[in-house]
Amino acid sequence: MEKKILITVKETYLDKMEDILESLAKHKMKITDSHQFGVISGSVEEENISQIKSEPYIDAVEDDEIAGVMK
Amino acid sequence: MKSPDLNKSRRIIPADTEQQYDIFTGRFLVTLLDESDDIRKLKSALFEKAGIRTAQSGDFADKKEISEEKYRDAGAFIYEDFGVAIIDPDEDQHVALNRISSEYNFIIEPEEVIFSPEPVPGVKETGGVTWGLDKTRVDESKYSGKGVSVAILDTGMDLDHPDFSGRNIKYKSFVPGESIDDLNGHGTHCTGIACGNTDNKRKRYGVANESDIFVGKVLGGTEGRGSDSWIINGINWAVNSGCNIISMSLGAPVYPRQTYKRAYERVAQYALKNNTLIIAAAGNESRRQYGIISPVGSPANCPSIMAVGAIDRNYHLADFSNGSINPDGQVDIVGPGINIYSSWPMKARYQMLNGTSMATPYVAGIAALYLEKNSGAGATDIWHRLIIHAKRLNLNSTDVGAGLVQAP
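From first to last, the protein sequence lines stand for chains S and B. Count the first sequence with the working numbering and you get residues 1 to 71, in order. Count the second sequence with the working numbering and you get residues 1 to 408, in order.
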């Protein structure tokens with residue numbers, strides 16, 4: 001099942017964002033947005049997430065969750 | 001319907017003290033915005049949608065005989081000739097009425113206690129400003145946020161709201177398929193608190209009334225929901241647009257012992273490096289009257305985001321205001337968050353709301369005043385000034401942080 005995720009890249013890899021996007025594409029991640037501060041959003045099959053997590057440039061992989069107004 | 005006890009006003013909305021509504025009777029006035037609307041529609045809405053039984057002026061053969069004693073068994077009394085009803089709702093009914101106010105084209109306002117016009121020595125006159133502006137000393141400040149850019153990331157805004165005519169407003173929607181229009185109302189309310197000015201009767205309700213406004217829509221639909229990635233896109237836009245302050249009255253609950261999201265912390269650090277201070281609502285999941293204190297929500301639980309709790313006009317903590325339960329999710333400061341009057345999409349124009357959502361734009365607006373006073377100050381410097389100048393409260397710092405935000 002496809003999952004929406006947020007990737008945070010280690011700060012030491014911020015100058016390699018293009019390479020990282022290529023790497024994530026190889027993991028079949030569909031990139032929605034990529035920010036210069038090292039956060040990438042997109043979607044990927046759940047089974048590919050563990051491989052992504054093992055990449056050396058990964059700081060965190062987190063669910064892209066729903067937020068709302070404070071009720 | 002019971003007559004109000006003007007010496008001891010009642011609770012209507014989740015509340016902390018009896019005294020906090022001391023200028024309100026506890027009842028509400030419902031006014032049809034279009035006098036030509038059929039009053040029967042309002043009557044049926046009150047009963048069917050809010051379960052409020054009504055009496056009306058037509059029940060009296062002689063309208064001069066109308067008195068509260070004679071309709072005390074009804075939950076509402078409708079003055080058919082004026083299109084006005086006076087109601088006595090419980091909490092659920094009040095929520096239901098707020099929900100249908102747009103559909104049935106009416107506004108709800110608290111019925112005020114009318115005081116003697118004689119001045120009382122030692123009591124500050126607050127008629128021209130909301131209580132929140134008074135307690136945070138915004139009304140005494142000579143600063144207006146001029147030259148400071150404040151971003152409100154929320155449900156969008158009613159850009160045609162007459163109170164904002166002539167203001168410099170930049171906007172962008174990050175909600176796929178939706179324009180900047182505020183389908184919920186929350187964003188227009190928060191923008192009004194942070195950056196608005198006065199209402200149509202010249203009562204001031206907004207803090208940074210000469211600031212430049214950036215409205216980023218990151219929550220969509222009538223429910224006001226969005227994804228983390230839309231919010232991060234909105235922050236990125238605001239930072240790269242040169243905004244000095246970002247106000248975010250949004251979030252998601254977290255569990256005890258749950259840590260913050262790394263993605264939000266990264267974007268918040270990026271914002272600080274670019275001299276943008278992010279201020280976010282601590283959340284409303286607590287029910288303190290039942291002993292339930294919920295942790296500061298996400299993204300306010302990030303160390304690099306200032307988390308805001310809520311108090312009432314008597315400096316008591318709001319029942320719903322979240323606390324510093326988790327090690328890395330601390331309440332930093334509090335703002336006014338009960339019975340907060342501000343702008344609302346037309347035709348209603350104004351609304352009174354409760355929440356840490358309302359406290360947050362107070363802090364954001366006041367941050368803009370500090371930045372105007374200390375031109376060129378960095379975001380961490382402004383954070384520091386907000387904290388050191390906060391009014392200390394006789395409450396736990398785990399609930400209120402440094403205390404109540406105060407204007408320079």
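Among these hints, one or two may not hold up.
[Unchecked claim] Among the chain S residues that face chain B by a calculated CB cut under 8 Å, a handful are:
| # | residue |
| --- | --- |
| 1 | 6 |
| 2 | 30 |
| 3 | 33 |
| 4 | 35 |
| 5 | 55 |
| 6 | 57 |
| 7 | 64 |
| 8 | 69 |
[Stated by the list, open to error] The calculated lysine-lysine pairs, modelled on DSBU-like cross-linking and capped at a C-alpha distance of 35 Å, are:
| # | chain 1 | residue 1 | chain 2 | residue 2 |
| --- | --- | --- | --- | --- |
| 9 | S | 4 | B | 203 |
| 10 | S | 10 | B | 146 |
| 11 | B | 203 | S | 16 |
| 12 | S | 3 | B | 273 |
| 13 | B | 273 | S | 10 |
| 14 | B | 172 | B | 373 |
| 15 | B | 170 | S | 53 |
| 16 | B | 273 | B | 373 |
| 17 | S | 30 | B | 347 |
| 18 | B | 172 | S | 53 |
| 19 | B | 146 | B | 41 |
| 20 | B | 146 | B | 203 |
| 21 | S | 4 | B | 172 |
| 22 | B | 172 | S | 10 |
| 23 | S | 26 | B | 172 |
| 24 | B | 170 | B | 41 |
| 25 | S | 30 | B | 170 |
| 26 | S | 3 | B | 170 |
| 27 | B | 347 | S | 28 |
| 28 | S | 16 | B | 172 |
If you're looking for bench data, these hints aren't it; they were derived computationally from the structure. These numbers come from a predicted model, not from an experiment. Note that beta-carbon positions come from the ideal geometry of N, C-alpha and C, so glycine has one too.
Satisfaction of hint between residue 170/B and residue 3/S, Cα-Cα up to 35 Å: Cα-Cα ~33 Å, so holds.
Hinted pair residue 146/B and residue 203/B, Cα distance within 35 Å: holds, 20 Å
Closest C-beta approach of residue 35/S to chain B relative to 8 Å, hint status: holds, 5 Å
Pair hint outcome, residue 26/S versus residue 172/B [Cα-Cα no greater than 35 Å]: holds, 33 Å
Restraint check, 8 Å cut-off on beta carbons, for residue 69/S near chain B: Constraint on residue 69/S satisfied, holds at 4 Å.
Closest C-beta approach of residue 6/S to chain B relative to 8 Å, hint status: Nearest chain B Cβ about 4 Å off; hint holds.
Satisfaction of the residue 57/S interface hint, Cβ to chain B closer than 8 Å: violated, 13 Å
Given hint residue 347/B paired with residue 30/S - CA-CA distance at most 35 Å: violated, 42 Å
35 Å limit on alpha-carbon distance, applied to hinted pair residue 16/S and residue 172/B: Holds. Residue 16/S to residue 172/B sits at ~29 Å (cutoff 35 Å).
Evaluation of the interface hint that places residue 33/S against chain B, nearest CB under 8 Å: holds, 6 Å
Per-residue hint verdict: residue 64/S, partner chain B, C-beta under 8 Å: holds, 5 Å
Satisfaction of hint between residue 41/B and residue 146/B, Cα-Cα up to 35 Å: violated, 46 Å
In terms of the numbered hints stated before, the structure departs from hints 2, 5, 6, 9, 10, 11, 15, 17, 19, 24, 27, listed from lowest to highest.
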